[in-house]
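> The residues making up each chain are set out below.
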Amino acid sequence: MPEKAPPVNISGSAKPFSIRDCALVTLATGRKARMLREFRSELAHIDTASLYHHFWGGLLEPRFDEREYNNDFAAWVRHGIHDAVLAERLSALAPTEFADLEALRQEIIDLVDMRLDEAEYLSWTRATQQFEFQRSQIVVFDTKHRLQNPSELGSAISTLSLSSIFYHFIDARRRTADGRDDFSDWLTVFGEEFTSLQQRIAGVDPWFGSLGELRDELAQLFSSCSLETTP
Amino acid sequence: MNLLESYAQFTGTDVVEHLRQLAAHLAGAKVVHVNSTRTGGGVAEILAKMVPLSTELGIDTHWEVIMGESEFFECTKGMHNTLQGSRIPLDERLLKAYEETNARNAEILRPVLEDADFVIIHDPQPAPLLAACPNRKGKWIWRCHIDASHPYRPVWKYLRRFVAPYDASIFSLAAFAQELPHPQYLIPPSIDPLGDKNIELDAETIRACCDRYRIDPERPLVVQISRFDRFKDPVGVIQAYRLAKRFLPALQLVLAGGGAADDPEGETVLAEVRTCAQDDPDIHLLLLPSDAHLEINALQRAADIVLQKSIREGFGLTVTEAMWKNKPVIGGDVGGIRLQVINHYTGFLVNTHEGAALRIRYLMHQPGKIKAMGENARAFVRDNFLITRDLREHLTLLVSLLHGAQDRIVLD
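Sequences listed follow chains A and B, in order. Just so you know, we're using the numbering used here here: the first sequence kicks off at 1 and counts up by one. Just so you know, we're using the numbering used here here: the second sequence kicks off at 1 and counts up by one.
Just so you know, the hints here were simulated from the structure itself, not pulled from any lab data. For glycine and all other residues, C-beta sits at the position ideal for the given N, C-alpha and C. Careful, some of the hints might be misleading.
To be verified - The list that follows gives simulated cross-link-like pairs (lysine to aspartate or glutamate, EDC-like), each with its CA atoms no further than 20 Å apart:
1. A/K144 x B/D412
2. A/K32 x B/E179
3. B/K137 x B/D60
4. A/K144 x B/D14
5. A/K32 x A/D100
Stated by the list, open to error - To give an idea of the chain B side of the interface with chain A (calculated C-beta under 7 Å), a few residues:
6. L3
7. T11
8. R20
9. H182
10. Q184
11. Y185
12. L186
13. P220
14. E265
15. G266
16. E393
17. L401
18. I409
Claimed, not checked - Among chain A residues calculated to face chain B with C-beta under 8 Å, some are:
19. G30
20. A33
21. E88
22. V139
23. R146
24. N149
25. W207
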């Protein structure tokens, strides 16, 4: 059962927001693909932890701030297989829109199959770089820091580590029932006063900037919220 | 200011606090690192800081070095080369020296290794130690710093029997990982911003270094820092310089190599390079001692562009060092250089000396690009390749090994 960071109690009053942090380490799976058909075949069998890694885990890995694609599969199809069509289709996948990672896996396979039907030459095109399937192990720990009130978010957020931002804003989408971030989840219990803030948080796209930029953007949002709610 | 606080000035306090939180779950654990040299080479440099940092985080960390004679190092150098692709069988005599040297070292190290909670063995040199410690109580990890993506199979097959029984292994890149019956972690190495190789230097120090080696600081300068090793392609660097010099007559080249105690081949390659350089007064071949870190630092800072034209490369820490000093890098399209050098962003990847020459000419005519790429390079290293990130991933690995193989470990 996945953990959920900041639940509310049944009386409706919010429990403090538990600030957690995480560290992620990457593992090789030994599975590699040099052609699109091989990629499709491996994809059908890899652990879902590998799907997680290639969609989410990359955000905590060395990378440039300006990401061309929001997942590793799309990037490889573009730069290894050199097929822009499939790369664009794969990059349009929003993993939180799928019931689980198995459903996401099936959608990727369907997109690859569709493209192989459209462009026969892709069946024998050899990639200029092989794709190495990886997976992650994530270690989650409690920082013992607690927030009692949403007005504290503004000052707290800018002190969080980038991995804590990852945990509460990105990893949360895999853990929470409705696939959203922990902050929005926590704010729900404080009532309609924060609905507008929740909507603004929902408008933050975490995929294309750095985690540092994401932290700054959230800090700005929460600070403005504090100003609005403090007399 | 303690060591961790001094790193916070580069990384931010959040990074150091994160390390403290993670390390708290390993408090009191005894960790032993083992390699084959205390000076020279990237491994020794990383351990020189990783060990005191871990200690400061409350982890009882030790660093042991195995001792060997020339036959042992001849064998391990051959092993290093064959794991990187050279197809040269290793002589039975050398393999015997390899195993006997490890057996002798095991007699000395066995008590400390068998008592440790974690033993991290670096590279092939001390790999057989595990088999010599039958009463070990902790987790043993083999850390491979080499590009083993295309090893010479007979040598890998020989080494694999020593490595397979480990609890986990660490490779720098996914492409280097080999089929092994245990988890294979991927951790790129790192540099130390407080080490002599990377600390800030004033202009006077850099100028004095140039004067010492008769380098004209007013003229364009390209530098490659690496051991004199065929995989670093020093001859290719000279060829690239010669091609570029036709268009940039003022161009100067520094090829500077630090020696390492476990690299007996350096002198031979240096002789080949000397022959190739002939008497060109603008080619400066410098064989520096393994502790010439400030010299290397100054030479990298004096450069307009840094080259690392390797044809095989583990990770390429000299690339990381140059990038940390705001230098664009022209690097071989191999190994870990690919992870650091991104075309038009932090430098250029090249496959030939012609390609390297082209990029030298391009950048020398675009000083604005040199500056912009250098800034990108520095920021990228700060975020991804400093020792604090390396340490964090090692701590995460150790915590993971304590808690089994699950993908998600939630600590109290």
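> Does each hint hold? Answer for all of them.
The hints, checked one at a time:
{"no.": "1", "hint": "A/K144 x B/D412", "verdict": "10 Å, holds"}
{"no.": "2", "hint": "A/K32 x B/E179", "verdict": "12 Å, holds"}
{"no.": "3", "hint": "B/K137 x B/D60", "verdict": "16 Å, holds"}
{"no.": "4", "hint": "A/K144 x B/D14", "verdict": "15 Å, holds"}
{"no.": "5", "hint": "A/K32 x A/D100", "verdict": "24 Å, violated"}
{"no.": "6", "hint": "L3", "verdict": "19 Å, violated"}
{"no.": "7", "hint": "T11", "verdict": "10 Å, violated"}
{"no.": "8", "hint": "R20", "verdict": "10 Å, violated"}
{"no.": "9", "hint": "H182", "verdict": "10 Å, violated"}
{"no.": "10", "hint": "Q184", "verdict": "4 Å, holds"}
{"no.": "11", "hint": "Y185", "verdict": "6 Å, holds"}
{"no.": "12", "hint": "L186", "verdict": "4 Å, holds"}
{"no.": "13", "hint": "P220", "verdict": "28 Å, violated"}
{"no.": "14", "hint": "E265", "verdict": "30 Å, violated"}
{"no.": "15", "hint": "G266", "verdict": "30 Å, violated"}
{"no.": "16", "hint": "E393", "verdict": "5 Å, holds"}
{"no.": "17", "hint": "L401", "verdict": "10 Å, violated"}
{"no.": "18", "hint": "I409", "verdict": "5 Å, holds"}
{"no.": "19", "hint": "G30", "verdict": "6 Å, holds"}
{"no.": "20", "hint": "A33", "verdict": "12 Å, violated"}
{"no.": "21", "hint": "E88", "verdict": "21 Å, violated"}
{"no.": "22", "hint": "V139", "verdict": "5 Å, holds"}
{"no.": "23", "hint": "R146", "verdict": "15 Å, violated"}
{"no.": "24", "hint": "N149", "verdict": "22 Å, violated"}
{"no.": "25", "hint": "W207", "verdict": "17 Å, violated"}
Consistency with the previously given hints fails for numbers 5, 6, 7, 8, 9, 13, 14, 15, 17, 20, 21, 23, 24, 25, ordered from lowest to highest.
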